[in-house]
Amino acid sequence: AQSVTQLGSHVSVSEGALVLLRCNYSSSVPPYLFWYVQYPNQGLQLLLKYTSAATLVKGINGFEAEFKKSETSFHLTKPSAHMSDAAEYFCAVGKGSNYKLTFGKGTLLTVNP
Amino acid sequence: DTAVSQTPKYLVTQMGNDKSIKCEQNLGHDTMYWYKQDSKKFLKIMFSYNNKELIINETVPNRFSPKSPDKAHLNLHINSLELGDSAVYFCASSQKTSSGGIGEQFFGPGTRLTVL
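Residue numbers (the numbering used here), protein chains in the order written: chain R, 1 to 113; chain G, 1001 to 1116.
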């Protein structure tokens, strides 16, 4: 079985500060890992995905995530937060033989001026 | 030119009624999904169809019945609606990668169901 834990249901940063959203996964096989963003009253949009090609994955809007097998982590970072980054962020894990994605409980990012 | 569309966007109804939500994707994907997002934003898979065949059927009350008339459509019918069914329902679609791995899931805008 696979699972995802997102540490911190709410993260608050100042504009221009580093964004770090944590995600740890559990998977019995090499995982596929995803980060999605959900803006208010919208559907989810893919930020980036890890599919074993490279451990450092760059996504849209300046976000990136690093896959660390030894730590079973896939934390999301952005060097400088922008007000428009305020949203709910979801980490998800899947495995190649299956279509199912398991989502974490989400982390709400607020950005203070 | 929406990739994954859902109708209606909002649905307000009384307990005990039967309602349907429709989903269409124009991405040419072979797999479609229904998710339920509760008031705490928790996202839970309900069903998935691959080429019109049911492949994921999570623990969901029998009152919920998905139907896929073709690869581009996946509808969700709910009988005897209950207060606890109030949530946002998302449709999504995906296609396996050329190497057979999980492809990105594209989500629709959601249908906010309110049961009174």
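Keep in mind the hints are simulated off the structure, nothing from the lab. Just so you know, these numbers come straight off a predicted model, no measurement behind them. Every residue gets a Cβ at the ideal spot worked out from N, C-alpha and C, and that includes glycine. Among the hints, erroneous ones may be present.
[Stated by the list, open to error] To give an idea of the chain G side of the interface with chain R (calculated C-beta under 10 Å), a few residues: (1) Val1012; (2) Asp1018; (3) Lys1019; (4) Ser1039; (5) Leu1043; (6) Ser1048; (7) Thr1059; (8) Val1060; (9) Phe1064; (10) Ser1065; (11) Cys1091; (12) Ile1102; (13) Gln1105; (14) Phe1106.
Hint-by-hint comparison with the structure:
1. Val1012: violated (16 Å)
2. Asp1018: violated (25 Å)
3. Lys1019: violated (20 Å)
4. Ser1039: violated (12 Å)
5. Leu1043: Given a least distance of 4 Å, the restraint on Leu1043 (chain G) holds.
6. Ser1048: At about 6 Å, which falls below the 10 Å cut-off, the nearest Cβ of chain R leaves the hint on Ser1048 (chain G) intact, so it holds.
7. Thr1059: violated (13 Å)
8. Val1060: violated (14 Å)
9. Phe1064: violated (17 Å)
10. Ser1065: Nearest chain R Cβ about 20 Å off; hint violated.
11. Cys1091: holds (9 Å)
12. Ile1102: holds (4 Å)
13. Gln1105: holds (6 Å)
14. Phe1106: Since chain R brings a Cβ to about 8 Å from Phe1106 (chain G), closer than 10 Å, the hint holds.
This entry does not satisfy hints 1, 2, 3, 4, 7, 8, 9, 10, going by the numbered hints stated previously.
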